[in-house]
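**Student:** Letter by letter, the chains look like this.
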Amino acid sequence: MVEPVLRMEGLCKSFGSLIATDDLHLDIAQGEIHAIIGPNGAGKTTLVAQISGELRPDRGRISFAGREITRLSVAARSALGLARSFQITSIFPDFTALDNVALAVQAHAGHSFRFWRPAHGDAALRQPAGEVLERIGLGARANEPAANLSHGEQRQLEIAMALATEPSLLLLDEPMAGMGRDESARMVALLQSVKGRLTIVLIEHDMDAVFALADRITVLVYGRAIATGRPEEIRANAAVRAAYLGTENASLDSAADANA
Amino acid sequence: MNRRQIWLTLITLTLFALVPPLTSIFGQPFYVDLMARIMIFALAAISLDFILGHGGMVSFGHAAYMGIGAYTVGIFSYYGIDNGFIQFPLAIAAAALIGLIFGALSLRTSGVYFIMITLAFAQMLYFLAISLEEFGGDDGMAASRSKFAGLIDLNDSNQFYYLVLACLALMLFILHRLVQSRFGMVIRACRTNEKRMQALGFQTYRYKLTAFVIAASMCGLSGALFANLNEFVSPDAMHWTRSGEIMIMVIMGGIGTLIGPVLGATGFLLLEEYLPEWMEMFMTDAGEHWAIVMGPILIVIVLFGRGGIHALFARKWLARGNGHG
Chain A
141 MVEPVLRMEG LCKSFGSLIA TDDLHLDIAQ GEIHAIIGPN GAGKTTLVAQ
191 ISGELRPDRG RISFAGREIT RLSVAARSAL GLARSFQITS IFPDFTALDN
241 VALAVQAHAG HSFRFWRPAH GDAALRQPAG EVLERIGLGA RANEPAANLS
291 HGEQRQLEIA MALATEPSLL LLDEPMAGMG RDESARMVAL LQSVKGRLTI
341 VLIEHDMDAV FALADRITVL VYGRAIATGR PEEIRANAAV RAAYLGTENA
391 SLDSAADANA
Chain B
33 MNRRQIWLTL ITLTLFALVP PLTSIFGQPF YVDLMARIMI FALAAISLDF
83 ILGHGGMVSF GHAAYMGIGA YTVGIFSYYG IDNGFIQFPL AIAAAALIGL
133 IFGALSLRTS GVYFIMITLA FAQMLYFLAI SLEEFGGDDG MAASRSKFAG
183 LIDLNDSNQF YYLVLACLAL MLFILHRLVQ SRFGMVIRAC RTNEKRMQAL
233 GFQTYRYKLT AFVIAASMCG LSGALFANLN EFVSPDAMHW TRSGEIMIMV
283 IMGGIGTLIG PVLGATGFLL LEEYLPEWME MFMTDAGEHW AIVMGPILIV
333 IVLFGRGGIH ALFARKWLAR GNGHG
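These protein sequences, in sequence, are chains A and B. For the numbering used here, count along the first sequence from 1 and bump the result up by 140. For the numbering used here, count along the second sequence from 1 and bump the result up by 32.
Just chain A, same shape as in the assembly:
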């Protein structure tokens, strides 16, 4: 197997007596969409925080693109090409959609100690930002304040901002959260369109989306990875089915049928 883009080795994180990440080993391969699923409280959010740099693991190491990043700040990881979206929509509501994306472009266009020229007239920021918005299907909404966009559009904008930093790895924290059926379908199409060009780690509850998109799936339960494999392997895995009892089991089945 080729060198993984992102590697987690023996990651541990606990809050008091609560173990959120328990000796986690995980390799994310170049160009794949790797979904991480698990019941509530499985430690998905804690894991995202450790990958993005908000939380330091108690033990273990994380390496990205062949470099150890365990102790790097959030901003430094972003500079290396690790972009993320947030579970709670994190856009700048006072700024227009274009401003939001232009800010993301600016983040990776050298330092921002530029005090005099108005950023609004800066073609070096506006043009690439406009292109990303077009690509993501928000071109017509470019000059709309982000607060006026629909929930689905805001989620798209969130992805657009992450893409505008030209990352090699995209960490998506529940991109379908709070979305209707149509909006989810649009998001799936959007992610499919960028598939292959970059590596995606996808944390998601929507099983239809996970099975439609993922190349590989890791199932997290109580901070441990109980299984990693291709979607059909995960579907057939007895331990996974045991973890997803009741209604969750049903949703796993229906997703399996839909993609059969």
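Simulated from the structure, these hints should not be mistaken for lab results. Please read all numbers here as calculations on a predicted model, not as lab measurements. Treat the hints with care, as some may be off.
To be verified - Not the full set, but computed from the structure, chain A residues with beta-carbon under 7 Å of chain B: (1) Val214; (2) Phe232; (3) Leu243; (4) Ala244; (5) Phe255; (6) Trp256.
As the list claims (entries may be wrong) - A few chain A residues that face chain B, going by a derived Cβ cut-off under 7 Å, partial list only: (7) His248; (8) Gly250; (9) Arg326.
Think of the CB as a built atom: it goes at the ideal place given N, C-alpha and C, for glycine as much as any other residue.
Take the given structure of chain A and dock chain B to it, following the hints.
**Tutor:** Here is chain B on its own, set in the frame of chain A:
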């Protein structure tokens, strides 16, 4: 800053510029000093508005930088150096340096802790000034007006007035550009969601610290002017209530609007000046209790006048715009 704010700024500055000729027509030269005082506080208020309104940094120790600027002028004057070309740049530099140190430490915290630590640093300087017996301690010390040989004569109150106005106009222009620059976008976005900015790859601490130092140095300039206006400096310039007053000017005028705090400073200081007189008209000796009326006025403005004085103008103009459309 939108077009409306630019117009409001130009109108306000024009009105300020008309004060000296008007007061000489009406034979009321006293107003020139009052208005100069207002503009000096307006300068301090816009520097606070830059980090508070645009950067979301609630600095509760802004008077410290005004005090540093004032004391720099005062101390030079004490040692017989009244050259403004030396005093003013050093007053600004000293405020910037203290801002760098205080900011570097304060910005490691956020929220209530940031407010408390900036307040604590300012109080530290206040008590330091009190302990400096050499420079008058509690009582403060006299300072002669700075000399800008061959340029202007600050002993002429009109010339001093126009220097203050020029400083205010220049700083408004600089901040106006700053807010819209790449740097300004970073600062404004940090106010909304700093975590998101870090995830985008911005080292937010550096940008916020730079903004903090810029604000401190501008406030240092206002302090240098303040020492010249009073021909006197004292620790009172740094007391925490002074920091509170500057913040009230910003809130009263409209946070994050730049011209708002100028109007806020005007409103606040005019009230402070005339409220006692007006109260005397209703009841003898009521004037000394002016704060009893001032307090409720401020509460009403904060509770019901969201957006401050600036919003008052904005709303009016908006209504007129709709009428035409």
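**Student:** A separate judgement is required for each hint: does it hold in the structure or not?
**Tutor:** Evaluated hints:
no.: 1; hint: Val214; verdict: 4 Å, holds
no.: 2; hint: Phe232; verdict: 5 Å, holds
no.: 3; hint: Leu243; verdict: 6 Å, holds
no.: 4; hint: Ala244; verdict: 5 Å, holds
no.: 5; hint: Phe255; verdict: 5 Å, holds
no.: 6; hint: Trp256; verdict: 6 Å, holds
no.: 7; hint: His248; verdict: 6 Å, holds
no.: 8; hint: Gly250; verdict: 9 Å, violated
no.: 9; hint: Arg326; verdict: 23 Å, violated
In terms of the numbered hints stated before, the structure departs from hints 8, 9, listed from lowest to highest.
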